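Colleague: Residues per chain, in single letters:
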Amino acid sequence: MRPSAARLLNILVPIKRTVDYAVKIRVNPDQTGIDLNVKHSMNPFDEIAVEEAVRLREKLKDEIKSIKVVTIGPPKSSETLRTALAMGADSAVHVELPDSAPAPEPLGVAKALRAVIAREKEKGGVDLVIMGKQAIDDDAGQTGQILAGLMDWAQATFASKVVLDVGKKEATVTREIDGGLEELRCRLPLVVTTDLRLNEPRYASLPNIMKAKKKPIEKLTPADLGIDLTPRLETLKVEEPPKRVGGGKVANVDELIAKLKEAGITAAKA
Amino acid sequence: MFTSRHLARRRFVLPAKRYTHHVSQFRSVTESDLAHFSKILPSSAILSTLSSASTPASELEPFNNDWMNKYHGKSTTVLKPRTTSEVSEIVKWCNEHKIAVVPQGGNTGLVGGGVPIEDELVISLANMSNIRSFDDASGILVADAGCVLQSLSDYLVPFNHIIPLDLGAKGSCHIGGNVSTNAGGLRLLRYGSLHGSVLGLEVVLPNGTILDQLTALRKDNTGYDLKQLFIGAEGTLGIVTGVSILASSAPQASNNAMLALPHFDNVLPLYKEVKRQLSEILSAFEFIDRRAYDLAVKHGQGRALEPADVEGAECFVLVETSGSNREHDEEKLNNLLTSLMEADTPLINTGVLATSPAQFNSLWAIREGLTESVGKEGKAYKYDISIPLHKFQEVIDITREHIRAKGLLHENAVKHVLGYGHVGDGNLHLNIVANAYTPEIEAALEPFVYELVASYKGSISAEHGIGFMKTHALHYSKNAESIKWMKKIKDLFDPNGIMNPGKF
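Sequence order for the protein chains is A and B. Counting in my numbering, the first sequence runs from 1 upward without gaps. Counting in my numbering, the second sequence runs from 1001 upward without gaps.
What the hints contain is simulated information worked out from the structure, not anything from laboratory work. Hints are not guaranteed to be accurate.
[As the list claims (entries may be wrong)] Reference excerpt, derived from the structure (chain A facing chain B, CB under 10 Å, subset only):
| hint | residue |
| --- | --- |
| 1 | Arg7 |
| 2 | Tyr21 |
| 3 | Asp35 |
| 4 | Pro75 |
| 5 | Thr83 |
The model shown is predicted, which means the values in this text are computed figures rather than measured ones. Quick reminder that beta carbons are idealized off the backbone N, C-alpha and C, glycines included.
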């Protein structure tokens, strides 16, 4: 009998159903938002998060006890959960919002996730949260960091590589930063947010898609979690960026200088 | 039915020097020709190594060499007219002075039909790239022949329409070239051939006359349907300068799945089952044999499947659905995939379903990137054949055995014999990838492959056309009487024979 040295890890992967990245975004006529009557799919960074969790299990095998995905969104978001289950997650939680509800904000989402993590305590708690660094619809990039702050956990954002040491309850995370790559050693529990180069998500294989249909999705409401998702921000206006005006060609350097002067640009002092 | 003795006799009839005798009766382009052309075209539209233009020879290379770098012409002059009347004037002059002409589009052809054999004048349609009109009620698009296919697709996106034609070369090929070669492509299964979707053509005939049949009418039964002659004529009856084509409604939902099959024999029953269950939403059904898949993955065309999923797969099938209602299509597709996996004797080992546009594109990239992978792996001999579906694997295996028997199946000669293609249309692209193009390999392949195809009563060119590559092989798929009448039509339109001589 193997000595049960290390605790087994529970991974939580929050995901979001967003407008598909390939869709051409159009601002709606009253300039209050974008046309949402288009194809939606899982936020690409969250796909990478699910993939990373599945890869960690493939590597560490039994040391990963469970991979749970969670989403806060309208009824259709359950399709996104099914995709994650087809990629290899074990179970899912759907905090369901009515279709008419406004989109939740990062602070609200983080509070909801905190409540979900609290509920998981009876089942062994959550040791690692892996989520996308930002959602491609609002590009907020805040939820992971806020969650870590609320939970008083370590955080390693924009991860391009994650190495777990279950025995030591530590993770070594390589982060992509402006200057290059930064390596952090973090104690668990930990929030990791994924960057593009962390991995390339696998295709959902047919046997897994069929297995996913039988995996459990627990449905909750914000009230069940005791949280209020009323937005604290009001969007005043949404508009498209100004249309790009054409450039002009100049025949020689003198003409270039003349045009620059016309535009009010003067030479810098040497 | 051809007996092998009959075929053996035909072989001796082939002219020894087929390269030069087709074009030797024409005059080469001279300075005085250039002087005349300069009156019609601006200097930017004339590329010539003759001294009055003195373009460096390297600039003419993309026009002289085909995409596969297998056929090399020696033209001194390339003209790039911007309007139909300019094309007309050029052709008129060439007809009067017996200068041979090669019309060229995107130069993505695979049978050497778009490049000169010797020093024929190249007329490139690249500067004729205007979209003339689009009616989004009828879906009729009228465009210059030099429009790149991808640009037409992009133009139609906001109108929720698509061109009923899609092929791997879409980023470079011209619609005029597609029409002239009656290109098939990946969507023929769903949208039919260009003979059906092209409504009208504007063609410059070999004597310079402009034949304007550019109707924007869906139905027009007035007289002989002349445009059908030019569709697939490979530029030998005239130069297509304008196309009127029926664009289809863009699908609101597209899905695809790659299925791994344990045996090739399962492809046909799978096709029947897929057709039955998916019915009107099926838009593509492509076969990829194992070696071709491995090559595509090796050359980084699209993301590979997990090793567990490809284990034991002898071949793959890419299935695509297109429809107007995502939920409806996904339900049908999921039901199909579930029934395939749960069948008592499954036709497939496993498969993967794309769950995002990125994955959708990636699965297609594996199939569309095959041509490029083959090109990167070595020099490819391509045979685009129409044969009965159940014979696909047999043809690939027989060809491989034949090469092996000739002692040519090794690293320094033929590296791979593989196949992929449009199962739905009965069209296989047989590829023999060699280290280099050698006469020895060519002799082993031809007429062997053509004879093999003829034995199945197939076509030696399902969609690639005849071009320069298969002129001598036309008789394998068309009887002598047909060829005789084709020649009569050619002589009628082009008595001087200046239009793309030596091809077709």
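Colleague: Confirm or reject each hint.
Modeller: Hint-by-hint comparison with the structure:
1. Arg7: 29 Å, violated
2. Tyr21: With a closest approach of 7 Å, the Tyr21(A) hint holds.
3. Asp35: For Asp35(A), the interface hint is violated, since the closest Cβ of chain B sits about 13 Å away, which is over 10 Å.
4. Pro75: 13 Å, violated
5. Thr83: This hint holds: Thr83(A) lies near chain B, its Cβ roughly 5 Å from the closest one there, short of 10 Å.
In this structure, the hints that do not hold are numbers 1, 3 and 4, in rising order.
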